[in-house]
Amino acid sequence: MWPNKFEYARAGSVDEALAMISDDGKFLAGGHSLLPVMKLRLDAPAHLVDINRIESLSGISANGDLTIGATTTHAEIAGSAAVQSMCAALASACGQVGDQAVRNFGTIGGNIAHADPASDPPTVLVACGATVNIQGAAGARSVGAEDFFVDLFETALDDGELITSVSLPNCSDCQCAYVKFPHPASRYAIVGVAVCLKMDGDTCTQADVAVGGATVKAVKCAGAEAALAGSALDDAALEAAAAAVKADIADWLAGDIAYPESYRQQMAGVFLKRAVRAAS
Amino acid sequence: MSTRIFGSGIKRREDPRLITGEARYTDDIKLPGVLHMAVVRSPYAHANIVSIDSAAAEAMDGVVAVFTGDDIDLAGMPTAWLIPDSDLKTPEHPALAKGKVRYVGDGVAIVLADDRYRAQDAADAVVVDYEELPAVIDPEAAAQAGAPLIHDDVEGNIAFRWAPFDKEASDAVFEAADVVVSERILQQRLLPTAMETRAAMAQYNAATQELTLWCTSQNPHIHRFIISAVTGLNENKVRVIAPEVGGGFGSKIPCYPDEALVSWAAMKLGVPVKWAETRSENYQVTIHGRDHVQHVQMAASSEGKILGVRATVYAGMGGYLSTAAPGIPTILHGLLYVGPYTIDSVYCESIGVMTNGAPTDAYRGAGRPEATFLLERMVDNVAREIGMDPAEVRRKNLIPAFEDGYDVAAGLTYDSGDYPAAFEKALNMAGYDDFRQAQAEALAAGRYLGIGVTAYTEMCGLGPSQVAGAVGFQGGLWESATVRVTPTGKVQALIGASPHGQGSETTLAQIIAEELGFPVEDIEVVHGDTTETPMGWGTYGSRTTPVTGAALAKASQKLKDKARALAAHLMEASVDDIEYADGSFSVKGSPDQAQSIQEVALMAHLAWNMPEGMDPGFEESQFYDPPNFVYPFGTHIAIVEVDAATGVIDLQRYIAVDDCGPQINPEIVAGQIHGGVVQGVAQALCEGAIYSDDGQLLTGTMQDYCMPKADMFPNFELGETVTPSPHHPIGVKGVGETGTIASTPTVYNAVLDALAPLGVEQIDMPLTSAKVWGAIQAARQ
Ligand SMILES: Cc1cc2nc3c(=O)[nH]c(=O)nc-3n(C[C@H](O)[C@H](O)[C@H](O)COP(=O)(O)OP(=O)(O)OC[C@H]3O[C@@H](n4cnc5c(N)ncnc54)[C@H](O)[C@@H]3O)c2cc1C
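Residue numbers (the numbering used here), protein chains in the order written: chain A, 84 to 363; chain B, 5 to 785.
A few of these clues could be false.
No more than 25 Å apart at the CA atoms, straight line, and that leaves these computed lysine-lysine pairs for BS3-like [said to hold, decoys possible]:
hint : chain 1 : residue 1 : chain 2 : residue 2
1    : A       : Lys-122   : A       : Lys-109
2    : B       : Lys-34    : A       : Lys-88
3    : A       : Lys-122   : B       : Lys-713
4    : B       : Lys-104   : B       : Lys-93
5    : B       : Lys-494   : B       : Lys-429
6    : B       : Lys-775   : B       : Lys-713
7    : A       : Lys-281   : A       : Lys-356
8    : B       : Lys-272   : B       : Lys-102
9    : A       : Lys-356   : B       : Lys-775
10   : A       : Lys-122   : B       : Lys-34
11   : B       : Lys-93    : B       : Lys-171
12   : B       : Lys-309   : B       : Lys-171
Distance ranges between label pairs, derived from CB positions [as the list claims (entries may be wrong)]:
hint : chain 1 : residue 1 : chain 2 : residue 2 : range
13   : A       : Glu-237   : B       : Asp-118   : 56 to 62 Å
14   : A       : Ala-326   : B       : Ala-448   : 26 to 32 Å
15   : A       : Leu-118   : B       : Ala-760   : 32 to 38 Å
16   : B       : Val-530   : A       : Leu-118   : 53 to 59 Å
17   : A       : Arg-136   : B       : Ala-211   : 39 to 45 Å
Just so you know, these hints were derived from the structure itself, not from any lab. Quantities reported herein were computed from a predicted structural model and do not represent experimental measurements. For each residue, glycine too, the CB sits at the ideal point set by N, CA and C.
All chains, full assembly: derive it from the sequences and hints.
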């Protein structure tokens, strides 16, 4: 639990942060993923640029779309009335991250930059078609959540780029849910399933589904979506979607010694059904 | 009449300092000029050390020295439980590996630096060239021909083979029996995970040649003994201090290389040296518990009478034999095969096997949980085999109530017990018969409920020293205590045992308060420092309340006799006319004339007016060697539901009826049971240290090693019966391990009961949802 030596500096603005970061440096947000890794000496950045005091990176705005600043904490997101109404699944996912202390420190920007495959928020961001807004020395760009997550702990971020916010379409007219099967040891997700359903009466007109935890990254599940869309979300449709979701994630499976890939794949089907039931 | 202090659930007196963070642990103690030690540890489970290059490390800022195994002139770390008639081998265990490493984490070099970070940087810079060797982790595999040889002088990796019972007699019982059930039971490795990791700091005074060692010890007097042996210092020049110790569960009984190394380095360099374990090190190198592969059989009649139990146990010892390791899967295990039942034939062959895992040793319950589990598992198997309800099988076989001694086939004499009373009480609390009805209805609706019942007894309050000697324990098992009253009437109770979280400062004070009438607030229990306290063998084996408590009760009774005589003298009355109540001595018939215990204590100190022949002062010491073990007992019941779609287990109810004799403090008893149950349930459901085949610890952090969490548990429903120990001065039995001993099979059997309709018969612990789900799928095939 003894990190290597590093320098620490605090940035006051996004420009300052971008000017301060160097190849062997890292941004420091809540520190709840970075510091454990440094303490285990699995990573050893030579300097940390603290972005927590940059005002423009923090907070939630709801003007048509929902925009959440990168250093907004899980607790703030979970407790936000705007998020609860515009994307209930995200509020739910952030409310299920770790424990209260983790939620008070951990940020959405840090969470998605770290891209732990067992994280909760990425699954909702992918399901709901969120956009990740990025600022770098070369300027600003936006990347769709599905493209942002590339692989295990790997994102579309280039060196020195800063996530400034994530935006989500207003989903208040959908029925969405995030259901998590927590790992008994770490309480990260063995499987997390996010669904976002548009309904016309009893019929589902559109379904967005993503799975995390069981996979190396949050995966959008077109097969399951097709099985649900146009159905009345009856048992047969759910069984078909459960079967399809296992195929959707087949190329991306992840596991550990206690909860192997094969089990997680099966559980994705079980929890997809539970997520649809929770949403509808 | 005031309410009695004995039996009252007063709050734990140690808690305010613990929960406000004011308590001072070893790592909190700062000495000027201290050097920090980091240990370079082997990344391989089994390898030859080809070369060690420490030049770069030595050149780093703040680094004072780097030492390797060849530099260290300490005697090897001793094994102190030399079990007899077992052909025991005790392979050399150098404090730092010489030539060969035997588990991941084995120490290879130490770095001393002026700062902990720099010490770690330098440790990372020590270059060790290893020649990797094949490793073996599974104890049964390690005992097979052709397994990698771990110590040249331990042939076949077999450190001992202990089989004290009559095999032929056992075989005859099995041959004649109607029913024989068998199971291969895996007692997985567990990580004790005390909240405070281990730490040690040593200071050597060259002028007086005295060494002071602060360390996380459950038994500082044993640590002094061993540190004296490995350093060569006279024992009276070694002072061991266990300051606040944050839990141990057995893992702080052994004397580890790290403690010897800080002592050696402090002597060598002439400055204080400190080492504090990280959690990662704690998981790699602090002892692990359990690690048995057991082949078990039980013989029974078709009416459900249990006729015999036998087992062959491969007990993983790890890379070296830890301090008490050989005694755990033998004496503390095989002698418990009768349990609370009338079983006339037992047989145990326990094979201690060297492996390339971390050394194992006593972990809460130590050998007894492994015995209780196999017994209770087999009783359920018998029930299933003959189609009888498992509670009924137990009821048929329980030993009837006895008050003063019951000899069992395993060679022990149980002290007292009323197993049927505890059993029926627990069944009533659970509503057992109603549950069977509800279970059937749930099953019809596609839900899987299960119930598990464990009747247990266990041997604790270790133990008569004569027995300790007979079974090869290299120490005594008595305790001593001094009750010292100051002139102003405040009490210091000095004890040789070393509590570390159990609440003994409260319960032991209650014993003194009960005997002498001092208010509990005026009684300090002093422990943990070999210079301040009298000799004692330590806190483990649920022995501090039974053994130290007896010493304190007897010392208090001696003081009371003295006080009575002095009070009689001061009030010019005959001793026979003195009445005692609530800390006050009065003369029969004239209640106005009274002397409080405090007044008597003051007069004893002043000694202005002593009776003929009475010595001054108000202090008594007592050595106490128990005439027998104590045998707490009880019945635990768990009710679970299994979600067949996921394999997730929901523990819905947990009922525990325990009998530890008269309860000194019911709140503390409940706390011990709660903690023990949680640890035992965790073994059944989630905990398990896993090594890869090449000996890497895959559960190296709490991300993977599953500690139990509060939300896994319902509110526990506790009940009690009270059966005093006939041989104990105040009748008490130990309660530190009962929860762990009873709860693992209780929950395991409940889960397997729930899965029975699906055809699942066995799953290795821990019962993770993935394994349960997998077993359901396999059974459906
Ligand atoms: C005990 C515990 C339990 C947890 N349980 C869960 C859980 O159940 N589910 C879950 O989803 N997560 C869990 N987490 C992780 C938690 O969500 C973390 O807070 C989060 O993953 C990282 O956020 P952070 O703000 O702490 O980032 P940091 O640790 O500060 O940074 C993480 C990484 O992101 C980079 N970074 C941070 N901010 C930015 C930015 N704006 N732009 C670019 N790069 C950036 C850093 O340089 C670093 O590489 C847990 C963590 C802990 C300690």
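Checked hints:
1. A distance of roughly 15 Å separates the Cα atoms of Lys-122 (chain A) and Lys-109 (chain A); the hinted pair therefore holds under the 25 Å criterion.
2. Proximity of Lys-34 (chain B) to Lys-88 (chain A) is assessed by CA-CA distance (about 23 Å); at most 25 Å being required, the pair is judged to hold.
3. The suggested pairing of Lys-122 (chain A) with Lys-713 (chain B) holds, with an alpha-carbon distance near 24 Å, which does not exceed 25 Å.
4. Of the supplied pair hints, the one linking Lys-104 (chain B) and Lys-93 (chain B) holds, its CA atoms being roughly 18 Å apart against a limit of 25 Å.
5. Only pairs whose Cα atoms come within 25 Å are accepted, and Lys-494 (chain B) paired with Lys-429 (chain B) is rejected, the gap being roughly 43 Å.
6. Simply put, Lys-775 (chain B) and Lys-713 (chain B) have alpha-carbon atoms about 20 Å apart, close enough for the 25 Å limit, and the pair holds.
7. Under the criterion of a C-alpha separation no larger than 25 Å, the hint pairing Lys-281 (chain A) with Lys-356 (chain A) is consistent with the structure, at around 16 Å.
8. Simply put, Lys-272 (chain B) and Lys-102 (chain B) have alpha-carbon atoms about 19 Å apart, close enough for the 25 Å limit, and the pair holds.
9. Between Lys-356 (chain A) and Lys-775 (chain B) the alpha-carbon distance is near 22 Å, which keeps this suggested pair within the 25 Å criterion.
10. Restraint check: the Cα-Cα separation between Lys-122 (chain A) and Lys-34 (chain B) comes to about 23 Å, which is no more than 25 Å; the hinted pair holds.
11. Our distance criterion of 25 Å between C-alpha atoms is met by Lys-93 (chain B) and Lys-171 (chain B), whose separation comes to about 23 Å.
12. Our distance criterion of 25 Å between C-alpha atoms is met by Lys-309 (chain B) and Lys-171 (chain B), whose separation comes to about 21 Å.
13. About 40 Å separates the C-beta atoms of Glu-237 (chain A) and Asp-118 (chain B), a value inconsistent with the hinted range of 56 to 62 Å.
14. Between Ala-326 (chain A) and Ala-448 (chain B) the C-beta distance comes to about 28 Å, which sits within the given range of 26 to 32 Å.
15. Between Leu-118 (chain A) and Ala-760 (chain B) the C-beta distance comes to about 47 Å, which lies outside the given range of 32 to 38 Å.
16. Taking 53 to 59 Å as the suggested C-beta distance range, the pair Val-530 (chain B) and Leu-118 (chain A) does not conform, at roughly 40 Å.
17. Taking the beta carbon of each, Arg-136 (chain A) and Ala-211 (chain B) are about 54 Å apart, not inside 39 to 45 Å as hinted.
Checked against the numbered hints listed earlier, the structure breaks hints 5, 13, 15, 16 and 17; every other hint is satisfied.
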